[in-house]
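Given chain S's structure and the hints, the job is docking chain F onto it.
Line by line, the protein sequences give chains S and F. Numbered continuously in the numbering used here, the first sequence closes out at residue 726. Numbered continuously in the numbering used here, the second sequence closes out at residue 726.
In case anyone wonders, no lab produced these hints; they're calculated from the structure.
Given that identical chains are not distinguished, each listed pair holds provided it fits within a single copy or across any two copies.
Subject to a maximum C-alpha distance of 25 Å in a straight line, what follows is the list of computed DSS-like cross-link-like pairs (lysine-lysine): (1) Lys540 / Lys452; (2) Lys494 / Lys341; (3) Lys695 / Lys652; (4) Lys687 / Lys652; (5) Lys671 / Lys275; (6) Lys317 / Lys483; (7) Lys494 / Lys316; (8) Lys434 / Lys483; (9) Lys341 / Lys384; (10) Lys452 / Lys434; (11) Lys341 / Lys316; (12) Lys483 / Lys494; (13) Lys316 / Lys483; (14) Lys317 / Lys494.
Chain residues, written in single-letter form:
Protein chains: 2
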Amino acid sequence: MNGAESMLKTLINNGVEVCFTNPGTSEMHMVSAIGASQEMRSILCLFEGNCSGAADGYARMAGKSACTLFHLGPGLSNASANLHNARKAHSAVINLVGDHATYHKKFDAPLNSDVIGLAAPVSHWVRTAKDAPSLPADVAEAVVAANVRPGQIATLIVPADCAWDESVQPVDKQPLEEAPEVASAAVTTAAEMLGNGEPTVVLMSNMALSERGLELADLISQKSGARIFCDTFIPRLPRGKGRAQIERLGYFAEQATEQLAGARQLIMVGTKAPVSFFAYPGKASEFSPEGTVLHTLAESGEDAEQALERLADAIDVGGLVPRRQLLEKPGFDSGELTPVSIGRAVAELMPVDAIVVDEGATAGGACFPISAGAEPHDWLTLTGGSIGFGLPTAIGAAVACPDRKVLCLHGDGGAMYTIQSLWTMARENLDVCIVILANRKYQILQIELARVGAQTMNKKTLDMMDLSNPDLDFVKMSEGMGVKADRATTADEFNELLRQAMNEQGPRLIEAMLP
Amino acid sequence: MNGAESMLKTLINNGVEVCFTNPGTSEMHMVSAIGASQEMRSILCLFEGNCSGAADGYARMAGKSACTLFHLGPGLSNASANLHNARKAHSAVINLVGDHATYHKKFDAPLNSDVIGLAAPVSHWVRTAKDAPSLPADVAEAVVAANVRPGQIATLIVPADCAWDESVQPVDKQPLEEAPEVASAAVTTAAEMLGNGEPTVVLMSNMALSERGLELADLISQKSGARIFCDTFIPRLPRGKGRAQIERLGYFAEQATEQLAGARQLIMVGTKAPVSFFAYPGKASEFSPEGTVLHTLAESGEDAEQALERLADAIDVGGLVPRRQLLEKPGFDSGELTPVSIGRAVAELMPVDAIVVDEGATAGGACFPISAGAEPHDWLTLTGGSIGFGLPTAIGAAVACPDRKVLCLHGDGGAMYTIQSLWTMARENLDVCIVILANRKYQILQIELARVGAQTMNKKTLDMMDLSNPDLDFVKMSEGMGVKADRATTADEFNELLRQAMNEQGPRLIEAMLP
Chain S
212 MNGAESMLKT
222 LINNGVEVCF
232 TNPGTSEMHM
242 VSAIGASQEM
252 RSILCLFEGN
262 CSGAADGYAR
272 MAGKSACTLF
282 HLGPGLSNAS
292 ANLHNARKAH
302 SAVINLVGDH
312 ATYHKKFDAP
322 LNSDVIGLAA
332 PVSHWVRTAK
342 DAPSLPADVA
352 EAVVAANVRP
362 GQIATLIVPA
372 DCAWDESVQP
382 VDKQPLEEAP
392 EVASAAVTTA
402 AEMLGNGEPT
412 VVLMSNMALS
422 ERGLELADLI
432 SQKSGARIFC
442 DTFIPRLPRG
452 KGRAQIERLG
462 YFAEQATEQL
472 AGARQLIMVG
482 TKAPVSFFAY
492 PGKASEFSPE
502 GTVLHTLAES
512 GEDAEQALER
522 LADAIDVGGL
532 VPRRQLLEKP
542 GFDSGELTPV
552 SIGRAVAELM
562 PVDAIVVDEG
572 ATAGGACFPI
582 SAGAEPHDWL
592 TLTGGSIGFG
602 LPTAIGAAVA
612 CPDRKVLCLH
622 GDGGAMYTIQ
632 SLWTMARENL
642 DVCIVILANR
652 KYQILQIELA
662 RVGAQTMNKK
672 TLDMMDLSNP
682 DLDFVKMSEG
692 MGVKADRATT
702 ADEFNELLRQ
712 AMNEQGPRLI
722 EAMLP
Chain F
212 MNGAESMLKT
222 LINNGVEVCF
232 TNPGTSEMHM
242 VSAIGASQEM
252 RSILCLFEGN
262 CSGAADGYAR
272 MAGKSACTLF
282 HLGPGLSNAS
292 ANLHNARKAH
302 SAVINLVGDH
312 ATYHKKFDAP
322 LNSDVIGLAA
332 PVSHWVRTAK
342 DAPSLPADVA
352 EAVVAANVRP
362 GQIATLIVPA
372 DCAWDESVQP
382 VDKQPLEEAP
392 EVASAAVTTA
402 AEMLGNGEPT
412 VVLMSNMALS
422 ERGLELADLI
432 SQKSGARIFC
442 DTFIPRLPRG
452 KGRAQIERLG
462 YFAEQATEQL
472 AGARQLIMVG
482 TKAPVSFFAY
492 PGKASEFSPE
502 GTVLHTLAES
512 GEDAEQALER
522 LADAIDVGGL
532 VPRRQLLEKP
542 GFDSGELTPV
552 SIGRAVAELM
562 PVDAIVVDEG
572 ATAGGACFPI
582 SAGAEPHDWL
592 TLTGGSIGFG
602 LPTAIGAAVA
612 CPDRKVLCLH
622 GDGGAMYTIQ
632 SLWTMARENL
642 DVCIVILANR
652 KYQILQIELA
662 RVGAQTMNKK
672 TLDMMDLSNP
682 DLDFVKMSEG
692 MGVKADRATT
702 ADEFNELLRQ
712 AMNEQGPRLI
722 EAMLP
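The following block holds chain S by itself, in its conformation from the complex (with noise of 0.2 Å):
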């Protein structure tokens, strides 16, 4: 058994099932690994970029750490964008990165490069494999790195004469570890926090964002008058129909700095303290009032269920029910396109246990507050701010829940980025609606432009953020990858288009026409 049939088994014997790869001629012992593999599936990517966002979602929805497969130093720098964004999800991830022999590194050959550098910055664990007989060990030893909650991105480095020489035995299934307990120290304190009278609020994320965990901040918020927040940029949130509702921190520091008015008190579960996304001249990069007593109830590696459950019985919300969101749909709109349309056809359509993957951007804004009464969904969003998450986080959820409907919304920008994803949608017939919100710009850099008061608005400064001249033609570039497409510029069309993605199976593409 040679090395990358031992590391294979390994992840296999460790619950890895799914390979999102893009392989060179370095790799080809693991690749003919798996393609005498029965128990690992391969999911091919024509870019780095599209593996790695699709571990993520994969990871986000699975709950557990699919594998990639890079070629090389550039393999892997195309795929730290969005590794980035698993990381800042703190999604489970384990990199297969191969590399040239052991002894030829030296040479220093046209693909040599440190490898180490560029997987230290987006990675909590680097190994580069020795020799062959230590590749089981080192695998699973990433298996467990990947898996420490909420979930980490293990990268191992695998020189190619560690996968084509005799190597030992797998490894069989190793524990994982839990995520530990929050201190008493911490409850007690929050719970203190919460009876003295002063204003509070509860800011959740991660872990935290749990059914159970919304449902118990809920009780909390009853019974102490908190008020609950998730963080902007949240992995996953459960939503809509029957689920505990929570509030989410506007984008820019002035909603924020508004919704946290008042608070004298900030307990935070699963997160740190809110901040700015970008500093601005002369504004605060810290969004709660100056003076705000701050509190961290968990980590996000921690137990926060768990936490909030012994939150919830200190203060003693026994006898509460969780308020549910009921299911309140907003009604068509009809006549022009717009993302306030967009949005009410989401809400109205978006079937049962819809995943949301969100990279929507300035014109996805209107989605996420008209769907609050939706049927029950998941919505991910972009943790890491890197563009170019949505398509591939769609293709790993997708994968993971192939009995759901994965509803990407995208920002025209952002979906350049990566846009090779559809091929791999198609190739795999993934049950993903792509909406690609085309409004022809970076309409976020125009609005940041005059926030930050940068001078020069004139046409060759907007040119820098304008995506017109020429205008991209999605419905073109979709079926060009083989996934079925239509434009819609007027809300009925739009309605129609979507009613039809909702009611039927496999990837479909809708390019809205914002004004």
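Relative to chain S, chain F alone:
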């Protein structure tokens, strides 16, 4: 004058004229400064790998540096693979990477990452600006660093407040270092080797591959009997009618080993000893026969052309005349469209001073040898092995040389990596003809799979290297990004389409459907 303005003026003072950009909020002051400038051309790309590849192509053809503008760590990550190629090409590139404001960094907002860590593996020079007043001097140093011959990657990280705070006057034009002369002993040793009667090979790359360098090598060959080769992957090679010929080392070890067979001495000019692109089980990494005496006449950064002049003098080539390539066109094929028929059409039709950007991979392999006797042209290859170099590099070459036709030969698999480049070609109306060599597979991998001795060659294995199911339609994708496109299924169709493309201006794509 704020930091961004003084930085920009410093770049302009130092002859930087083009910025390939995909900015974000943290770069808005730089965008604003460029918008107000008459002297810096801004070219928007829809993915940062397009920018970095374009900067590589620009540097190779302009012989000087462009700058890029990227958005924090993820923007740099997306640029990284083509920076790897540019680094291996010794291209001069100045990266300006925005980052969070100095005081905002500590809050670890979503887009925060280790930008220096990401930059180091792909850069020769990295610096983070510390404040606005130091920014002009920083960027002046970056220009100098990028222009260390033949060229380097210089990355300047610019926290947002360094761009918006008040700065000092811009820095004037800085003197750039010339390539150092080689030591006399290096010339003397080479001359002795050429005179000692042992079979000798001269291997050249980088700055040795000027028109004059090739002529000198030919004279040296005539005088001494040494055989002259260039590396397999070269940044730029002048060839065709009127140029002295040179043989290119083959990609596969068995080709290169055969080419070098019998050599007892190897003189390297602007390059290193030849090694295998990848390691293969049980095969040697080094190409030159065991026991070959190796001698470096010029390192890649030394003045190789002058070293060749001195060597030619030392062995007294006086009276000899360079043997120049005659115009020898191969004629057109008819009937089936094959790699050879494409090569013949390319050789027949490329106009005087064409620039060929070659990421043709296996299907493009015939184009190079067949076009030896075409009109004079430059040939640019993939120096770092990271696919997705061709389309972006064609952008840069076309920007650097607006009066020359750029012919981009591209494999279908590699083209998907940076397909967004087509939009920039359309927007800038660049005179680029793209030939997609569509064999609907990563053919090189199917060859390499067997060569590395991997054992499973079943459908599942081959699917990981297969681009069919669904077939990509490059005509639709190209039209979707505003570039006129056609499909050729026979040699006659291809000949006619290429003839049209060579006789008109502006971007155009031909999808060549190979069997």
